[in-house]
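A.B. asks: Chain by chain, the residues run as shown.
Protein chains: 2
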Amino acid sequence: MARAQKRLRQELLKEKLQETPFLTDEELAVVLEVSVQTVRLDRLELGIPELRERTKQMAEEARTKLKAIASGEVIGELIDLELGKSGISVLSITPDMVFEKTKVVKGHYIFAQANSLALAVIDAPAAVTGVANIKFKMPAHVGEKLIAKAEVVKKRGNKYFIWVKTRNDAHELFRAKFIMASLES
Amino acid sequence: MARAQKRLRQELLKEKLQETPFLTDEELAVVLEVSVQTVRLDRLELGIPELRERTKQMAEEARTKLKAIASGEVIGELIDLELGKSGISVLSITPDMVFEKTKVVKGHYIFAQANSLALAVIDAPAAVTGVANIKFKMPAHVGEKLIAKAEVVKKRGNKYFIWVKTRNDAHELFRAKFIMASLES
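Protein chains in written order, with my numbering: chain A, 1 to 185; chain B, 1 to 185.
Worth flagging that the hints you see were computed from the coordinates, not collected in a lab. Since the model is a prediction, treat every value here as computed from it, not as a measurement. Do not take every clue at face value.
Claimed, not checked - Okay, derived cross-link-like pairs now, DSS-like style, lysine-lysine, Cα gap no bigger than 25 Å in a straight line:
(1) A:K65 - A:K14
(2) A:K137 - B:K154
(3) A:K159 - B:K177
(4) B:K135 - A:K149
(5) A:K103 - A:K135
(6) B:K155 - A:K101
(7) A:K165 - B:K135
(8) A:K159 - B:K103
(9) A:K101 - B:K177
(10) B:K16 - A:K135
(11) B:K67 - A:K177
(12) B:K149 - A:K67
(13) B:K16 - A:K177
(14) A:K67 - A:K101
(15) A:K14 - A:K145
(16) A:K159 - B:K101
(17) B:K85 - A:K101
(18) B:K145 - B:K155
(19) A:K135 - B:K14
(20) A:K135 - B:K85
(21) A:K135 - A:K65
(22) A:K101 - B:K65
(23) B:K165 - B:K16
(24) A:K101 - B:K14
(25) A:K155 - B:K154
(26) A:K154 - B:K137
(27) B:K101 - B:K14
(28) A:K149 - A:K65
Using the sequences provided together with the hints, build the complete structure.
C.D. replies: Set out below in structure tokens:
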């Protein structure tokens with residue numbers, strides 16, 4: 001009985017991490033209603049590394065897939081990439097990224113994260129941005145980690161229609177619809 | 001007769017520079033169909049400084065008018081500013097601004113120039129970007145000077161509707177429609 005329970009719990013742990021790979025052990029403990037110690041032991045048994053290591057591995061894997069732009073050109077850290085489909089990046093907001101007066105993150109940093117991520121997901125040797133419709137919904141501030149998710153929603157000829165949504169811990173802050181053109185070169 | 005001709009030519013020179021303040025003496029000579037030497041003498045007589053000095057003076061004057069963002073936060077050089085109405089900035093494209101593969105200027109530099117200029121023209125102590133619809137029409141490359149012009153087309157409550165058009169010597173490269181919100185603080 002205890003063994004069956006444990007197997008179930010570990011399955012749930014794997015599932016949760018597949019959905020939301022950036023959960024800390026503390027957050028997993030809350031979600032699974034067990035102690036942090038139990039989460040650690042389960043991870044150990046399952047061979048799942050801790051968050052920092054997990055993120056690093058994902059980032060390395062994602063970088064190797066890049067085609068349309070170079071790895072250093074992605075603004076923020078690329079964490080996940082399915083070429084032609086989707087991508088995730090994380091941008092940590094530092095004091096140099098905010099406006100003096102409002103202490104709000106400069107819009108072009110958020111745009112840069114989204115735009116470079118949209119380029120990153122394109123499955124072609126090169127690409128350029130054509131059109132973007134963007135909306136800043138809430139301001140971001142120093143110390144926040146902005147998670148951008150890009151999704152290819154349509155592909156027509158060499159045109160990619162890509163949506164990017166950016167959020168912090170609590171809220172969606174930004175949305176963009178891009179039309180990018182891949183270049184055959 | 002020669003004197004009348006000269007007066008006419010100098011009037012035309014002043015007019016041209018009011019329309020297009022960034023014309024070099026060489027370009028003025030072509031436009032006015034006279035020698036470069038003549039342009040220089042005319043400028044001297046009229047007390048109009050050379051292009052570099054002219055630009056510097058305009059930039060200093062523009063900077064003193066800024067309200068919503070700090071001078072160092074304008075991407076590119078702010079050259080002209082009529083608060084609540086319009087603004088012009090110039091961004092020189094350096095090698096660090098282009099993508100490795102395509103040698104095309106990264107979209108977020110062009111966006112940053114336009115976005116910061118749109119904030120600069122707002123006649124309020126602070127403002128944030130709400131919505132932007134942007135179109136990249138042609139790529140920009142190293143060595144080009146991008147001239148962005150912002151114009152407030154409508155103001156409703158604390159919302160500013162601002163259009164920005166960016167061009168190089170030859171073509172319009174970029175257009176953006178912004179809706180910004182001024183903050184009363």
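A.B. asks: Which hint numbers does the structure go against, in order from smallest to largest?
C.D. replies: Hint check: 10, 11, 12, 13, 14, 18, 19, 21, 24, 25 and 27 fail, others pass.
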